Amino acid sequence: MANILQAGHEECKYFLGSFGYYLGLMPTSKTAPLVVIILAVLAAGGIAIFMSRQGSSANDAADASSAVGQTARVRGAADAKISLVEYGDYQCPTCGQYHPILQELLARYPGKVKLEFHHFPLVQMHSNAMAAAIAAESAGDQGKFWEMHDLLFEHQRQWGDLRNPSPNPEAVFLQFALQLGLDSNKFMQSMRSPETRDRVLADVRRGNPIVKGTPTFVLDGQVLPNLPNLEWFVDYVERQLGTTASKSEK
Amino acid sequence: MRTRGIILLLLAFLGLVDTLYLGIKRGKPVPCSITTGCEEVLNSEFSTVGGIPISWFGFAFYLSVFSAAAFAVFSEDDRLLRWTFWPALAGFLISIGLVGVQAFILHAYCQYCLGSAILTTLIFFVSPKPSFGRNLPDN
Numbered sequence: 001m002a003n004i005l006q007a008g009h010e011e012c013k014y015f016l017g018s019f020g021y022y023l024g025l026m027p028t029s030k031t032a033p034l035v036v037i038i039l040a041v042l043a044a045g046g047i048a049i050f051m052s053r054q055g056s057s058a059n060d061a062a063d064a065s066s067a068v069g070q071t072a073r074v075r076g077a078a079d080a081k082i083s084l085v086e087y088g089d090y091q092c093p094t095c096g097q098y099h100p101i102l103q104e105l106l107a108r109y110p111g112k113v114k115l116e117f118h119h120f121p122l123v124q125m126h127s128n129a130m131a132a133a134i135a136a137e138s139a140g141d142q143g144k145f146w147e148m149h150d151l152l153f154e155h156q157r158q159w160g161d162l163r164n165p166s167p168n169p170e171a172v173f174l175q176f177a178l179q180l181g182l183d184s185n186k187f188m189q190s191m192r193s194p195e196t197r198d199r200v201l202a203d204v205r206r207g208n209p210i211v212k213g214t215p216t217f218v219l220d221g222q223v224l225p226n227l228p229n230l231e232w233f234v235d236y237v238e239r240q241l242g243t244t245a246s247k248s249e250k
Numbered sequence: 001m002r003t004r005g006i007i008l009l010l011l012a013f014l015g016l017v018d019t020l021y022l023g024i025k026r027g028k029p030v031p032c033s034i035t036t037g038c039e040e041v042l043n044s045e046f047s048t049v050g051g052i053p054i055s056w057f058g059f060a061f062y063l064s065v066f067s068a069a070a071f072a073v074f075s076e077d078d079r080l081l082r083w084t085f086w087p088a089l090a091g092f093l094i095s096i097g098l099v100g101v102q103a104f105i106l107h108a109y110c111q112y113c114l115g116s117a118i119l120t121t122l123i124f125f126v127s128p129k130p131s132f133g134r135n136l137p138d139n
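Chains as they are written, first to last, in this note's numbering: chain A, 1 to 250; chain B, 1 to 139.
These are computed hints drawn from the structure, not numbers from a lab. Wrong hints could be hidden among the right ones.
To be verified - Listed next, the in silico DSBU-like pairs over lysine-lysine satisfying Cα-Cα at most 30 Å (straight line): (1) Lys212/A to Lys81/A; (2) Lys212/A to Lys25/B; (3) Lys144/A to Lys186/A; (4) Lys212/A to Lys112/A; (5) Lys30/A to Lys129/B.
Said to hold, decoys possible - Heads up, incomplete: computed chain A residues facing chain B, CB under 7 Å, no partners named: (6) Val36; (7) Ala40; (8) Gly45; (9) Ala48; (10) Met51; (11) Ser52.
All values derive from a computational prediction rather than experimental measurement. Positions of the beta carbon are idealized from the N, C-alpha and C atoms, including for glycine.
Looking at chain A on its own, in the form it has when it is part of the complex:
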């Protein structure tokens, strides 16, 4: 009788298929594999999260909003009272719209405001943004970072919609480099150099904890939750300069 029952049980297991068997008729001792699977997925997820946070630790968060980063390009007087940090993408239209606004702000307050640009190419949306950031860094190697920065933003449409590999955005960047009087061989060497790319990626790592979109502005150490207009920036600068002036008067 026991043998018949045992045979029936085995047949039942066979016909219900493995999943039905394990989920439906699973004896308690058979729960072990399911527990192991769940624990393994949780552990793997934990390790993956830990790995993904490497390099974007609290130090980097502090670094992201700090005035001077290792690869920062600063425009304006180094000792300017007001520090504006931009995390930008050369292919992002909003960053392009902010370019003349920031130029106007710097022009209005020479020596009072400085702009620090960090790369944050949104590579998933903007196929040429990484190459553009590298082009700016490559021009920077020959002392013409801001000149290339301006050209990239001013002629964003000329290269922004080009698809790699043909037509190649690099050809446009090389044309810009020649326009700026750069050594084309050195420029292309920098463009190809992993070290140049690493500098861009270092910026991205630094920005990762705070950047939710581009541009992201950090004004005097505070991440701006919204994108202000020129009037707001002007108002802020006036208030800061006014406060500083009244403090120094006292």
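Got chain A sorted already, so can you dock chain B onto it with the hints?
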């Protein structure tokens, strides 16, 4: 079978970590310390199928191998494990294709993708081969 199961458990676990990492880092810069070109590979048109990142297909593959191996090791039930050969074969062939894409089309390599290709290859070789004709009636 138990030894194979334990080896497959370890390999599939590493695969789970690898694919989950790529899933978490999707759209973010991935540090490429061994190779150069992670960004190109992970953001290329070959990195998704039907809008779903390939890393999630890899996750499903490693999860199924891990599950099959877990049942073999912890319940001494190797029925699922005997079927892993076929997905492992598919994974192995797809990995060859993806490494080919990196080498000949993108000319860029992603260490996490190469790691996954190595894991899939090892899983393919370790997974039990089907014994064709074993159950044929004797004549």
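Evaluation of the provided hints:
no., hint, verdict
1, Lys212/A to Lys81/A, "26 Å, holds"
2, Lys212/A to Lys25/B, "15 Å, holds"
3, Lys144/A to Lys186/A, "13 Å, holds"
4, Lys212/A to Lys112/A, "28 Å, holds"
5, Lys30/A to Lys129/B, "25 Å, holds"
6, Val36, "5 Å, holds"
7, Ala40, "6 Å, holds"
8, Gly45, "5 Å, holds"
9, Ala48, "4 Å, holds"
10, Met51, "5 Å, holds"
11, Ser52, "5 Å, holds"
In terms of the numbered hints stated before, the structure departs from none.
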